[in-house]
Structure formats: C-alpha cells, structure tokens
Amino acid sequence: MKELIEYIATSLVDDPTQVFVSQRRQGATVNIRLEVSKEDMGRVIGRGGKVAAAMRSLLRVAAANDHKRANLQIVEPE
Amino acid sequence: MTESRATLEMIAPTVDEAIDKALEELGLTDDEVEVEVLDEGSKGMLGIGARQARVRLTVKDSQPAPRSAAQAQTPADMDNTMSIASHTVTELLDRMGIRAEVSCRVGAADEEGQTPIIVDIQGNDLSILIGKRAETLNALQYVTRLIVGKEVGGGVNLIVDVEGYRERRERGLRELAQRMAQQALKTGHSQTLEPMPPGERRIIHLELQNMEGVRTESTGEEPKRKVVIIPDEGEQ
Numbered sequence: 318m319k320e321l322i323e324y325i326a327t328s329l330v331d332d333p334t335q336v337f338v339s340q341r342r343q344g345a346t347v348n349i350r351l352e353v354s355k356e357d358m359g360r361v362i363g364r365g366g367k368v369a370a371a372m373r374s375l376l377r378v379a380a381a382n383d384h385k386r387a388n389l390q391i392v393e394p395e
Numbered sequence: 070m071t072e073s074r075a076t077l078e079m080i081a082p083t084v085d086e087a088i089d090k091a092l093e094e095l096g097l098t099d100d101e102v103e104v105e106v107l108d109e110g111s112k113g114m115l116g117i118g119a120r121q122a123r124v125r126l127t128v129k130d131s132q133p134a135p136r137s138a139a140q141a142q143t144p145a146d147m148d149n150t151m152s153i154a155s156h157t158v159t160e161l162l163d164r165m166g167i168r169a170e171v172s173c174r175v176g177a178a179d180e181e182g183q184t185p186i187i188v189d190i191q192g193n194d195l196s197i198l199i200g201k202r203a204e205t206l207n208a209l210q211y212v213t214r215l216i217v218g219k220e221v222g223g224g225v226n227l228i229v230d231v232e233g234y235r236e237r238r239e240r241g242l243r244e245l246a247q248r249m250a251q252q253a254l255k256t257g258h259s260q261t262l263e264p265m266p267p268g269e270r271r272i273i274h275l276e277l278q279n280m281e282g283v284r285t286e287s288t289g290e291e292p293k294r295k296v297v298i299i300p301d302e303g304e305q
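Listed in order, the protein sequences are those of chains A and B.
Counting in this note's numbering, the first sequence runs from 318 upward without gaps.
Counting in this note's numbering, the second sequence runs from 70 upward without gaps.
No lab work stands behind these hints, which were simulated from the structure alone.
Be aware that a few hints might be false.
Ranges of calculated distance between the beta carbons of each label pair, as one might list FRET restraints [stated by the list, open to error]:
1) A/ASN388 / B/GLY233: 32 to 40 Å
2) B/GLY222 / A/MET358: 20 to 28 Å
3) A/THR334 / B/ARG243: 25 to 33 Å
4) B/GLU103 / A/ARG386: 35 to 43 Å
5) B/GLU244 / A/MET358: 39 to 47 Å
6) A/MET358 / B/GLY233: 36 to 44 Å
7) A/PRO394 / B/ARG237: 44 to 52 Å
Below, a list of computed lysine-lysine pairs in the PhoX-like style, where the Cα atoms sit at most 25 Å apart [said to hold, decoys possible]:
8) A/LYS385 / B/LYS201
9) B/LYS201 / B/LYS129
10) A/LYS319 / B/LYS219
11) B/LYS255 / B/LYS295
12) B/LYS293 / A/LYS367
13) A/LYS355 / B/LYS129
Counterexamples of contact, computed for chain A against chain B with all Cβ distances above 12 Å [said to hold, decoys possible]:
14) SER328
15) PHE337
16) ARG342
17) THR346
18) ASN348
C-beta atoms are modelled at their ideal positions from N, C-alpha and C, and glycine is treated no differently.
Pulled out of the complex, with its shape left as it was, chain A reads as follows (with noise of 0.2 Å):
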C-alpha cells in the first residue's frame, strides 16, 4: 500500500528526494503518512482536493485487496 502513494507521489513533484511514505498498521487499519516538500505540497493535493482524492480511491482497491482498510494522511514536513 505504501508502495502505491510512494510511486504515485515520486512521479508527481518536482523534488521526489523529499517524499516520505511510512505506514503503521492498527489492527484493520493502515495509516499511511505521506510527506513531501512544502512546495510540491500542491501537486499531491490538486485543486479542490482532486490528486488526494484519487490517491485515496486507488489506496481503497489496494487494501481491499488485502482485507484491510486504509487511511491517507498528507503532512508538510516539520
């Protein structure tokens, strides 16, 4: 699952050295925290929420797939 936001976000800013992926399990859930630079903040979220949004459609699949459910949180770093 991490994997998939990983390779979505690489392919999608301009500084793919500061995207971060982890991903903690609680129980049927995953969280997965996605951080990227403050400026390619924009590119992961889209306008009106759109690139989040598909992220999250496309997480779902995946981790239904695994019998599990999944949550996306999108971070600035520190």
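Please build the complex by placing chain B on the supplied structure of chain A, with the hints as guidance.
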C-alpha cells in the same frame, strides 16, 4: 518575440467546471496555466437570475504551446506517450495488487478530430477497478494522466478503460438519452436523469444536441450533478 500568450475564456455553471472544461480544451494541467475568475456566477432564486461562472485561463510563459490538437503529436511522440502510459498503468496496478493485462492503442477521433490514447485493462473480475459510478476507474485515469503528462511535459488526451466498460457505458447512455428524450416529447414533462460525472453528462448532451423538440441542461452540484431533458413545449 511578440508577447502573444494563449488565453481561453470558458463559461460553465460553476467555477470548477469552467476550469475543468478549459483545461480539457487546452490539454494542459492546472499548474501550467494561470486562472482568473471573471465571474463566480450565481445560482439565482429558483433558477431565476442564475448566472454562469466565467473564467479566463492564460498559459504560463515557460510552457510550450497548447498541444491539445492532435497536430502537435508526431507519430514518434504518440508512440513514446503510449509506452509511458501503459508502463504507468502497469506500475499502478502492480502496486494496487491487481493482476491484469495492459494494452494501449490509439482511439477513434472525437468531434474535434482529436485522437485519444486508450489504455485497456483486461483481467478477471475487475469490477473492483471500476467502482461505484466509475469512481475508481476515473481516479486511475486522472492519476495516469497526471503522471504521463508530467513525463511528456504537457497535457495528454488519455482514456483508461477496464474490459470495455467505457464503451458499453457510452452505448447504454446514448440509448438512455434517446429513451428519455422520447419520454419528454410524449409527456411534455422534463426528464431528470441520475447523477453522472462530467464525461457521462457530455455524452448525453452530445447525443441530444441535434434532436428536434428537446434541449438539455445540467443542474445541481458535483458530484450530484444531473442532466435534465426539457421539451420545447409543455411545462418545464
């Protein structure tokens, strides 16, 4: 060098739709243009005084000229884009844990003479890839367009299909449009269809645009926007 910058104005019921339509026409993504909202539009009261939204898109300086028209695409470009497209879809499906076969072809030209690249996905029981009202398939198509567009440096006219779903759906929608138009003509009452995504509404509008006695409109907000078929005579 002259300062000729490509601009496009678009009118649609909402600002978002106007931007989407304009981007589609230019074949660019939203970070390649500057958007100016000329009129946010208003819904009016009970449809009275409703005003459409109006936006102006200006292609950013560093961008190549819009390449929406197939003219800019040489066969070599097309081959390159096709191989990137099928590669991208294969990588995405692989990471989604879906086993399927991906192939790529050039589709038939649309009304504007543009030929889309069609990525076909074939496999067993891929309904999970389509999703409710094709939500998942559209997400896959959107992400693929973005990735391929970034790679080739411009917008791409690309359709992702699963087991011929879009073709079947289009045929079904055309039939539905005809049936509901006949109903509108017969009864003199407007016929409201179920909510549909923009691409599907477009099929209905196009199917009925030259039909005598009815006109079509879209009402409501995304994602619940629907087409209404309105007879020229009779109550609205």
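Original post:
Would you say A/ASN348 is clear of chain B, with no C-beta pair closer than or equal to 12 Å?
Top reply: Nearest chain B Cβ is 18 Å from A/ASN348, so the label holds.
**OP:** Beyond 12 Å from every chain B Cβ: check whether that's true for A/ARG342.
**Re:** 16 Å, holds
Original post:
With d taken as the least Cβ-Cβ distance between A/PHE337 and chain B, does d exceed 12 Å?
Top reply: Holds, since 17 Å exceeds 12 Å.
Original post:
Just checking, A/SER328 versus chain B, shortest CB gap more than 12 Å?
Top reply: Incorrect as stated: the minimum Cβ-Cβ distance to chain B is 4 Å, not above 12 Å.
Subject >> CB-CB spacing for B/ARG243 and A/THR334 relative to the 25 to 33 Å hint >> reply: 49 Å, violated
Subject >> Pairwise hint evaluation, B/LYS201 against A/LYS385, where the allowed Cα distance is 25 Å at most >> reply: Status holds; Cα separation ~19 Å.
Original post:
Holds or violated: is the Cβ of A/THR346 farther than 12 Å from all Cβ atoms of chain B?
Top reply: 17 Å, holds
Subject >> Range agreement (Cβ of B/GLY233 with Cβ of A/ASN388, hint 32 to 40 Å) >> reply: 33 Å, holds
Subject >> Pairwise hint evaluation, A/LYS367 against B/LYS293, where the allowed Cα distance is 25 Å at most >> reply: 16 Å, holds
Original post:
Cβ-Cβ distance between A/MET358 and B/GLY233: within 36 to 44 Å?
Top reply: 38 Å, holds
Original post:
Between B/GLU103 and A/ARG386, does the beta-carbon spacing fit 35 to 43 Å?
Top reply: 39 Å, holds
Original post:
Is it true that the C-beta distance of B/GLU244 to A/MET358 lies inside 39 to 47 Å, as the hint says?
Top reply: 44 Å, holds
Figure legend: structure checked against the earlier numbered hints; hints not met, in rising order: 3, 9 and 14.
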